[in-house]
Amino acid sequence: MDAANGAAALWGAVVASGIYHGLNPGMGWPLAVSAALMDRSPRSLLRALLALAAGHLLAMVVILFPFTALLVLAERQREIQLAASVLVIALGVYLLINRRHPRFLSRVPPSRLGLWSFLAALAHGAALMLVPIYLGICRTIETDAGHAAAADLMTRNTGVAAMVAVIHTLAMAGSGGLVAFGVYRWLGLKFLSKSWFNLDLVWALSLVLVGVISLFAAL
Amino acid sequence: MNLRPDPTFHATPRLAMEAPAETLAFTLMLSPDGSQPDGLAVVDVDPKSKSYGEIVHQVIMPNKGDEFHHFGWNACSSSLSPLSGHAFLERRYLIIPGIRSSRIYVIDVKDPLKAKIHKIIEPEEVFAKTGYSRPHTIHCGPEGIYVSTLGGGGADGTDGPPGIFIMDCETFDILGRYEMDRGEQDKHYDFWWNLPRDYMVSSEWGLPPQFENGIVAEDLLSNKYGHKIHFWKLRERRNVQTIDLGENHQMALEIRPAHDPSKDYGFCGVVVDTTNLQGSIFTWWRKDDGTFEAKKTLTIDPRPEKPENLPPLLQGFEAVPPLVTDIDLSLDDRFLYVACWGLGEMHQYDVSDPMAPKLTGKVELGGIARNTPHPNGKPFAYGPQMVEISRDGKRVYWTNSLYSTWDDQFYPDDEGGQMVMANVGENGGLELDKDFYVSFPKGYRSHQIRLEGGDCSTDSFCYPSV
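Going down the list, the sequences are from chains A and B. Last residue of the first sequence: 1553 in our numbering, with the numbers rising by one and none dropped. Last residue of the second sequence: 759 in our numbering, with the numbers rising by one and none dropped.
Hint data in this document are derived by calculation from the structure and do not stem from the laboratory. There could be a bad hint or two in this list.
[Said to hold, decoys possible] A few chain A residues that face chain B, going by a derived Cβ cut-off under 8 Å, partial list only:
id, residue
1, S1368
2, R1374
3, P1376
From a predicted model like this one, the values you see are computed outputs, not experimental measurements. Don't be surprised by glycine CBs; every beta carbon is placed ideally from N, CA and C.
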């Protein structure tokens, strides 16, 4: 697989995971429907969606940027990716064993959807899932760039992190928003209980999968 | 854990109304003198079934003297909010507290005809982990299972105020006290909430010495029972406002918020006004600034009666007080049912305008100095008490016992447990069903009813019915 294809696949993963997070009711789109119905205004749907997206985005940023800083150690890239892969696998395995949802999330009041979305994305590893993908993208650029200066690398990697976070969040808010609006406008709330699947197992396995792929890519 | 949300979880009250009708009811049986263990009766309420109106299974507990009163589900429609993270719980366990023993039973009713004990939490554990005693109302909510208690610590439950504690909704471990700031709340009874708007409302009966050995007339006449309702920031666990209904409004019991969470009002039933023996309903509502207000919107008058027909407790008053001991609101927020346990009447009010309830139906059954028999000719001990409405609002079930020692004071000559059902007309009206009459085994009285798949006092909805 050449670098360009690899990069395209990785960007595809950024978008796909965004859509996946957006469609999962557990990540919050039903709350946007609830807000619109409670206030009898579609504008509230948008406002709730923005809050959910902002929280999600912030979670991406908080997780991705420390890795960006680490990448300054250009010659340690491989080790960093290995460590990140192991971290993602470990979280996946932890979620496989411990299937309980963190209780502190239910202490967040419904008026603070942004905070809830931020904490949920952190607690369920939604943000961490992006790390191996992000590191992979950085490596493909690296191959193109050759021996760039450390400062340039840092700037570029920061830009990539921001792009990953923004594109992922746009995909998440877009897909979640579409379902929320569809349910609000046409489908009705019966759709919620009909379409909600327990993805806990799939979710934990997908973390493991992303980690394993990244691990092999780094080896 | 399910792969899909439990089919009995509904996003809105309207969806719950459209769901299939209940075929089974769960009713608590209590031994008033503690001579037998209490139990859970599974009652067939499917009119197409051969055993319609019969007890088809009983779970008898291994202890005596629990005194069952209220109970509830481990999970309900509130699980359909992503905020709770519990969308895949099963509605499978009934949490039954012993109000006298402080013991808590968790009953597995997955296969209702083989319902069995899943877990027992001994009183010592409740005391040690919460400092509360005499657990009562159960609601499933964002942080797990919430349990209100009527007593604090110590032998007579007066060492510290009673409150609410939380149980884990999967392991049923007691997690600890709910309150972080209880304000002036020092008594407890019922509680319920509006989940999306994040507030809770709680009420007051009295402290254990005021009810365990019977009603204390001196305390009642000096207005020492509860007469306040408290409003809480649910997730902050903080009492933000207390409304005193007036000290003459003794025993503010059931809290019934509108089921549709976009409606910011609810009701509270008050047992007796000590100035005139009336029973009353207060309507409470949330104002635009987020504070609350409450107003008396309904009164029910006592009935004059000759002293010789009255129990000793009431002879001096020469009247039968209505004794509003339970209320329940239909899922469409249209009809409020009010049990007048003293008069022996079940009232139905149209509360489409919550500030102006209109009487639309009435059934007379039992009652002090009246003892109206059932239309099938059989007796009905005491009066209509714990009331439960089917999800579709078409059937109203009720039982007859209030609380062992109080039954004996208000109805010294009565004994027995019955459960009956009344049909609701298209536009109101209430008529007892001649064919539905459950008589509980000898020595047992009956209290709260829960309907298979949820009913009008269990499920909290996170989405409005629009």
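Evaluation of the provided hints:
Checking A:S1368 against chain B by beta carbon gives a least distance of about 5 Å; that is within 8 Å, so the hint holds. Among the interface hints, the one on A:R1374 holds; its C-beta lies about 7 Å from the nearest C-beta in chain B, closer than the 8 Å criterion. Taking 8 Å as the C-beta cut-off, the interface hint given for A:P1376 is violated, the closest approach to chain B being about 12 Å.
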